[in-house]
Every structure is written in C-alpha cells, then in structure tokens.
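Put the two chains together into one complex; each comes in its own frame, and the hints tell you how they fit.
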Amino acid sequence: MANYLIRRILKALLTIFVSATIVFFIIRLMPADPVTLLVDPKMGPEVQQAMMQQFGLDKSIGLQYVIFIQQTLSGNLGISFKTREPVTTVIMQKLPWTLLLLFIVVTLTLVIGIPIGMLAAKKRDGLFDKFINVLIVMGISIFIPFLSFAFLYFFAYYLKLLPTGGAYTPPPAKGFDYILDVARHAILPSLTLFIGNVATIILYTRNSMIDVLKEDYIRTAFSKGWNEKYVVRRHALKNALIPTITVAGIMIGSMVGGAVMTETVYGWPGVGRLIYDSVSSMDFPVLQGAFITLAVSVVVMNIIADLVVAWLDPRIKLGG
Amino acid sequence: MPKLLEFRNFSMGFKDDDGTVHNLLNNVTFDIEEGRAVGIVGESGCGKSVTNLSVMRLLPRSAVIQGGKIIYRGQNLLKKTDKEMEDIRGKDVAMIFQEPMTSLNPVLNIGFQIGEVLKKHRPDMNEEQIKNAVTNQLELVGIPSPEKRLKQYPHQFSGGMRQRVMIAMATICQPDLLIADEPTTALDVTIQAQVLDIMNRLKDKGSLMLVTHNLGVVAEICNDVVVMYAGTVVEKGSMDEIFDNPCHPYTKGLMAAIPTLSSGKEELYSIPGTVPLSNKFSAGCRFADRCSQYFDLCQDKVPPTRQLSASHYVQCWLDFERRE
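Chains as they are written, first to last, in our numbering: chain A, 1 to 320; chain B, 321 to 644.
Hints listed in this document are in silico derivations from the structure and should not be mistaken for laboratory results.
C-beta: ideal position from N, C-alpha, C; glycine also.
Certain hints may be false.
What the hints assert, rightly or not - Label-pair ranges, simulated between beta-carbon atoms: (1) B:PHE432 x A:ILE304: 38 to 48 Å; (2) A:TYR4 x B:SER582: 34 to 44 Å; (3) A:VAL18 x B:ARG381: 40 to 50 Å; (4) A:TRP311 x B:ASN452: 25 to 35 Å; (5) B:GLN476 x A:TYR4: 16 to 26 Å; (6) B:LYS399 x A:ILE112: 32 to 42 Å; (7) B:ARG381 x A:ILE112: 25 to 35 Å; (8) A:PHE17 x B:PRO443: 52 to 62 Å; (9) B:PRO443 x A:ILE304: 50 to 60 Å.
Next comes chain B alone, as it looks inside the complex (with noise of 0.2 Å):
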C-alpha cells in the first residue's frame, strides 16, 4: 500500500530561556498508510501532540527542528515554504484539536469559522454553494437544524458539538490526513461515543491520525498503533500484534492498565514513576529508570529498534522471537 505520510528519524527540541535546546522528539520513524488508521497512544508529556504539530508544522515559536524527515506523499513537508504549506493546510492534512471549549473563536459565528476552510481552499465556490456546503456538512456530523445553528457562536453550542462543529471544519475540504489530537479526552462518555461514531464513518474517506491515551479509542477505530515514550517510539505495529502481543515493557504495562470487565475490584496495574521532563531524559533507554525489566546497558546506551515481523518493531534491550 502507497505510503501517504512518513516520518523519517524527526527529532526536535524546545529553547528554554537560556536558547538550549532540549531534545524531545529523537529519530521518530513511523508511516501511515493510504486509508489506514493510525493510532498514537503514550501518557501525557510522550510528544503526541508535538508530533502532530510538527505534521501541520505549526509548533510554536520555541520549537527547534534538529534533523529528520517528514514527507506527505513524497515530498519534504519540512522544506516547504510557508506559502506551499498554507495550502496543504485545511486541504489535504487538517486537524482536530483537543479542546473544543477554546480551540473555536468565540467572537466569529460557527457559519463563518467552517465556511473559511472553503473560502481559503476553493476559491471556484460562491458564498451560496459555501453556505449550503457547510449546512450539509454539519448536518453530516449530526448538528441537528444546521441552518439555524450557521448564525450561532461557540458559547451556544455544548462541549460535544462544539468537538462536531471541530470535525466538520476539518473534515469539509475532505482532506486525505485527518490528524486528530485526543479529539475525545474533553468530552463525557456517551459524546464520546458519538463522536467517536462520527469519526469511524469520516475515517474511510482518508488517513487518520489518531493522538490518544485511551487504548480503547484505538482499538475501535485504528488499523496500526504507534506506541510512543518521551519521545521516542518505543513500539509500533498492526493493531492485532499490539494488542495481542505487546513487547515493549512499556506497552505491556500500558495494555495492564485497561480495566477489564473481569478485573474485579482489586488494584489496577499503574507504572510506577512519571514520564521524565525533557531536560532530564537519560542517555540510553528514556523508559530504563521506571522499567521492571531493566538492566545496566539500558541506562548507557539508546536500544536498537528491531523489526519482530513485516509491520511489527520493538525499540528495547530485550530479546523478543522474531514471528512471521
């Protein structure tokens, strides 16, 4: 399958006050494919949103670039200019962000905030045929009596429309990477669910990429997983090979951490520690100081990745069988 997105060893950093530049995303490598949906599951402060950001190259001004790849469809996305990338923006990659409650303008009405991705996009298109796209649009994503919700500002919409009105903006120029950045950590349970649905059905028309921390989000709507740590990608591969046989002790302590309608009431498993800042990674394995199977060349020395079959990689010390 024709490969859409590549990430190729991408490392950035942040400047702190001082101008040092401290490394967080180091040699990230994974590709989505045409089609495929993509999970990337990690705790908060893995670099998930990061990468997102640097797809859409719209991390903010203390972000440093130090090395790498990612190419759309072939070309560098990092060496396109800013003109060239305000055009691929909206169009072929959007983005749905995690906050609907702020990631709207609240002084714009909602009619106005999704018809501007047109607007910009498809300048062959009048303002009738971008209202009426819109209207359908919404109604598209389940925003009942859409023609009267147009003139509507955010603060008049709830949370889970709000994440709706996200989606259809994202998704009305049917772009062919729809990044998703924990689009459902925000909501309650039930929305989630319906957004969730919204989601699944837009997701066949392109790629997703899904930035989560629930792995049941993953495993409802993504082909491939991408399991990243401090910014680096501890383990990747199709989703049954994640779920059914996670390698990584990090990902296995992620899939211990899933209740479980079995699970009773005892304890659930948690990693013992907390995902290290980035100006206090260690030199070798960034997991190695909360890892239960750790042993000394894990502090030294940065793991090797290893290819375990065709899709499935492991970046650890450990040995693992290889299975085809």
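Looking at chain A on its own, in the form it has when it is part of the complex (with noise of 0.2 Å):
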C-alpha cells in the first residue's frame, strides 16, 4: 500500500512537471508579445527596463523557463502582469467559487446520475431506458454557451426569476441573506454545468450495469434465490461503478480549473471566468497558475479516484 502510494506520486509530480513545461511554452508560443502590453511607450527607458527586469521578461526564454520551474517548486507562481498581486493570492480569491459551483454539481450529478443510470440499465430497450438515452445524447452533445444563454433567457430575461450573472448582488448582504442571494446566483450555472455532466456518468453507469448484468456472476447469485434487486445491489452495483468512479474522478479534476465557458457566461468569479479574463489580458503568470493548479487537481483526483477503485476491487493489489 505504502509502496504503491510512493510510487503513484511519483508519477504524479512527473505528470505536472510535464504539464507546467507545456504550459509554459504554450502561453509563449502565442503570437502577441506581453512586453508592449504591458510597458507603455510613454514611460521612460529605465522605467521600461526596471519593469522588464521586474517581470523576468529580459532574460532568454530557457533561462526564464529554469527560474519559472524554480519559483513553482518553491510555490510561487509569479505576479500578475495586470493586477501586480502574487498569482497564488489571486487564484486563491477566484478557487473558492469554482470549489463551491464543484461542489453543487458533483453532488447534484452523482446522486442524481448513478441511479438513473442504473435503472435505465436495469429497465434496457424499455421505454425509460429510450428516453433517457435521447436525454444522454442531448447532453453530451449540447453547446454549453448556447445552453447558457438559453438559460439566460428564458430565466432571467423572460421570466425574471433569476439574476443574470455574478455570485452574489453587490453590495454583499450579510448573514443568511448572503447565502441565499448566492444560492439564486447559482442556480444556473450549476444546471448548465450538471447537463453536461450527468449525461456523462448516466451513460457509464448505464453501460457498464448492462455489461456487468450480463456476466455469469449475475446468474450465479439469481441461482440462490435472490431477487433482483438484491442482486443488483449486492452484487452489480460494486462492479457497475468502477468505470464511473473513474469518470467521476478525471470530471471533478477538470472542475477545479472551473468551467471556462460556463463561467464566463454567468460571469461566476471562478478559476474558469479568471483562465477567460487572463487570456484576453496576456497576463501569463495568472494562466500559467490557474493551468497548474487545474493539472494538479486533476492528477490528485486521479489518485483517489484510484484508490476509491482499488477499495472496491479486490483484484487491484496495491503492494504489487
């Protein structure tokens, strides 16, 4: 068990050096240059110089890359070109709304997905089982902007239930009122992003219950007398979840690093909204972070998910 840790965590922080070399080369490889965004012509040479020195930007592209790699193992990612605060404050300001849109579609997908999956498995070629895959398709297959403002549309604009964007009305209110405004302020971005996401985990658990229904080992426990629901639960559903858990894990990873396109629609203040703003802003240190932080969750993500597996699965032996 100790062995398999080490070794999967080894793996683990190869995969994000790989990833935050990617990235780093990636942002540069854009065809706009940062420097005359960010220095006016108007200042001064030395001024232009001190800021260029500021920001590393006067040294070469492998020297820059050596102190990047540096500066992320001692845990700084760099200052923001835009707002001169340190990345890790300003990813740590937008990380907590992401978490929180997270945290409402897992939950939501997850209990809401796995046993409808099951029960379309369960009921296959009949008509729940139909219309529920028509469901899977549409949701796998929808824009999620265009859903998006669908949305805005028709519970905002139309029927004026809901507010428009943001994560709360500014000013803040306090107490339990605040709680509530964010509440309403998340209805539909959560709804946006559990579309998309539960016809994910219905459709693996729907095809993966109708594989592991049809095993001997089903028949096997039908043979001693057990109904179908006992059998299900005792003895499909453990191994109908595997894949899904797996899905679950590489979904809630991606999550962290926010859902760009939903996020920006809704103007949710999450990693995803900040990823878009960077972009338009070339502000590089803040990409960069938001990128690495989205490699480590999902390589962290990864691991549980695994060892959520190998819990389940006596097969998987994590000594060996």
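Right under this line is the structure:
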C-alpha cells in the first residue's frame, strides 16, 4: 500500500512537471508579445527596463523557464501582469467560488446520475431507457454557451426569476441573506454544468451496468434465489461503479480548473472566468498558475479515484 | 420410484432482432426420478444448457417458451410466480455452472457468496451459524484450511478450487435436485477427477441432472442418460441400455467417438458435419443430413418416439427390436 502510494505520487509529480513545462511554452508560443501590452511607450527607458527586469522578461526563454520551474517548486507562481498581485493570491480568491460550484454540481450529478443510469440499465430497451438515451445524447452534445444563453434568456430575462450573472448582488448582503443570494446566483451555472456532466455519468453507469448484468456471476446470484433488487445492489453495483468512479474523478479534477465557458457566460467569479480574463489581457503568470492548479487537481483526483477503485475491487493489488 | 422432475413436451425458442422466434427445444420429454443421476449428453449447441436454465427459469431475455410443462414435485414450474421461483432456486433446485472462472463475483469474498444462500433460505440461522455451516461445507468439498479461505476472493482460488466453491454453494441447502452444467469442462483432467469424486459423494443426497458432452463422466456418475440433438431428445434410457445398446444413429456415433485403450493410433470416428443453427433446422428429423442411415422420410416428417423397453425410448424412423 505505502509502496503503491509512493510510486503513484512520483508518477503524479512527473505528470505535473511535464504539464507545467507544456503550459510554459504554449503560452509563449502565442502570437502576441506581453511586453508591448505591459510597457507603456510613454514610460522612460529606465522604467521600461526596470519593469522588464521585475517580471523577468529581459532574460532568454531558456533562463525564464529555469526560473519559472524553480519558483513554481518553491510555491511562487509569479506576479500578475495586470493587478501586480501574487498569482497564488489571485487564484486563491477565485478558487472558493469554483469549488462551491463544483461541490453543488458533483453532488447533484452523482446522486441523480448513478440511480438513473442503474434504472435505465435494469429496464434496458424499455421506454424509460430509450427516453434516457435521448437525453444522454442531448446532454453530451449540447453546446454549453448556447444552453447558458437559453437559460439566461428564459429564466433571467423572460421570467425574471433568477439573476443574470455574478455570484452575488453587490454590495454583498450579510448573514443568511447573503447565502440565499449566492444560492440564487448559483442555480443557472450549476444547472448548465449539471446537464453536461450528468449525461456522462448516466452513460457510463448505464453501459457498465448493462455489461455487468450479463456476467455469469449475476446468473449465479439469481440461481441462489435472490431477487433482482438484491442482486443489483449486492452483486452488480460495486462492479458497475468502477468505470463511473474513474470518470467522476477526472470530471471533478478538471472542474477545479473552472468551467471556462459556463463561468464566463454567467460572470461567475471562479477560476474558469479567471482563465478567460487572463487570456484576453495576456496575463501570462495568472494563466500559468491556473493551468498548473488544474493539472495538480486532475492528477490528485485521479489518485483518489484509483484508491477508491482499488478499495472496491480486491483484484487490484496495491502492493504489487 | 416417484418422479422428481418431469419435462413434458417442453418447447422453447429464441427471438431474433426482428422478433421472429426460432424454435430450439422441441417437445423435450424426460423424467428425473428421485435419488437418481441423469446425464444429458450431446454436442455443443444441442440445447443442453438451455434445458438446464429452463428448470431454473433463468433463461436469457430473448428466450420464448412455446409450450409444454416442467413439473417439479407435481407442480408446473412454468406457472410459478417469480417469488415462488426464488424460494425454489438455491433451496430445492440448485445449479453448478460451467465456468468457475466467471461464475463467482470477483468483488465479494467466498464466505459471503456461499453464506448468501443460507441467508436467503434459512432465516432461522444467525451470522455465526452461517459462518460455521459455510466452513463445514468448504471442508466437505475438500478446500484446505477453510476458516482462512472464507475471507478470500475468487481470484485467490485456482479453477478447480473455484469449482469446489461453486459445488459448496450449490449443495449447502441440500437441494433435492442438483443441476450441473458441464461442471468439469473448464478444468484439467486430474482436477476433473477430484471434482467428479466430490459430486459422486454429494449426489447420494438428492437427484442430479448432469449436463456434459463427456460420456466418460456419464458412465462414472449417472443412472440414466438422455441424448439430445439440436433441441430434441433423440434417445433416452438407463445407463446400461444406452451404453450397451445404443439405437439412434447419433448415439451410436457418440459412442464410436470415445477413444478406448485398444483403439490404437488410427483416426478416431467422428460424426460428419456440425449441429445446425436453430434457424436452419429441417422439418423432419433434425439429425437427417448428418445421418448415415438417412432415407427420404427423415427429411420430411418428425420421427415418432418409440419405446424399446420400460425405460428405453428412441426417436427415429429406423426399426428397432423391442427388448424387455
């Protein structure tokens, strides 16, 4: 177990290192030059030089990369070009909002998606299953900004039931009113993200449940005299959930990086929105920071998902 | 002797994707008497396994029952509700499956999987009693240090050991009828012998319906034999009758295909051709196009079932001598 964890963590560190490297170079491959954005031509050459030095832009790309890796390892993600705040501070301000959205969406997705997937599998090819299949295709293929605009138009503009954007009505209210206000603002972005994600979860749960129900050991369980409800719960569920958990792990991990499109359309002040803003303003350090956060969370969630799967399936030997 | 299980003109088929039903089992009729072991033999694809699963009512969804009765202790199993079937499965009729590698749930331990049978059918037993019963049962089927094995998972068992676990599972409620669907096919020869030995010991407690294509296994264990071909019972009788006086050309072919010590190095007899698919059955005798004694009538009309002795029946157009 300890051995497995150590190897898994080493692999994770390598993955994060590689993604950090890719992020660094990809951003610098963008056709725009941050220097021209950063430096005001009206500034004196000494000031310009000082600024370039402050952000390390006067050095060669290779040297910048070495400094970047060094700094990242020591937990310093640099300073935002735009706000001149440390990147970690900027991300930490946005992360709670994204985590809030993530928590709502993941809870809803798993609590609703898994039972629906199981039920569709149990009644496969029935009317309910066919209906769910149509919904899955729609949920997976729908274009998120379109869905967001449709929701905004209908709920916010037409029915005037829900706010059009943001996470709260400024100035923030106090106490319970504030929570209620945030909840109202969270409904539409959560719903939008829920629709895309729940379709994936239902799809995986349903398909793996159908496969598991065809297994010989399911027939064995029936041959002992147990009814369908028991057989599904005791014999099929654990096996069927294994792919779902892996997918959910990746889903949660990638959602820490924020849902760029959803957060942008709804003006939700999370990491996704931050990524969008940083791209528009060429704020390289923030963009790097956000992507590294994303990479770390995906890798960590993957490890957690693997551990859960290993706990469910005794055939996976952690020691070996 | 009282009859435990009676197949009466049982017919069933499978629905294809277009909804057309292709008949597989056609008028299957045979009995299993109390305390006797019946071997059901035939090539792969003859409907042996489907016959088994019909008794348990565990047929796949695409199966359609077309007629007849399966009578267990005087009651038609096909008329039972799902709830009533659940009480019969595992307790009165239990089954050992062909594939020990896939028939056990990989994520549940052995103790749980065997104990489950008692949990369902013996509500009077508590956890401790169930655990003891399972340990005893594992010991009975020859699993060393059963106490330790209870908490282990199927992947920690070899094929032979898993089949023993399956046998322990099927026999723990001492069923009146034990159905074994090719229980030794997936095992190597030495393990086969051990497993057969266990089954031989356990069969004394009730009736056994043994499906196999291995006539050697039948000779070792069974009292009666039912020979099936393409979903029909072509010949049935006591073990001696079938082995000493096989009448149906198919049975004769099967017997001729058994290697003996004296058969030397010449090529072993084999019946030409293969079992047809259920959508290609001929209107008459289903064995007609592989039969060496085939004549015109065979292709057009289903042959009559003729009684050769009190227990020996054959379904064929050929003339046989009636023996008493």
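Output the numbers, in ascending order, of every earlier hint that fails for this structure. Per hint list: 1, 2, 9 violated.
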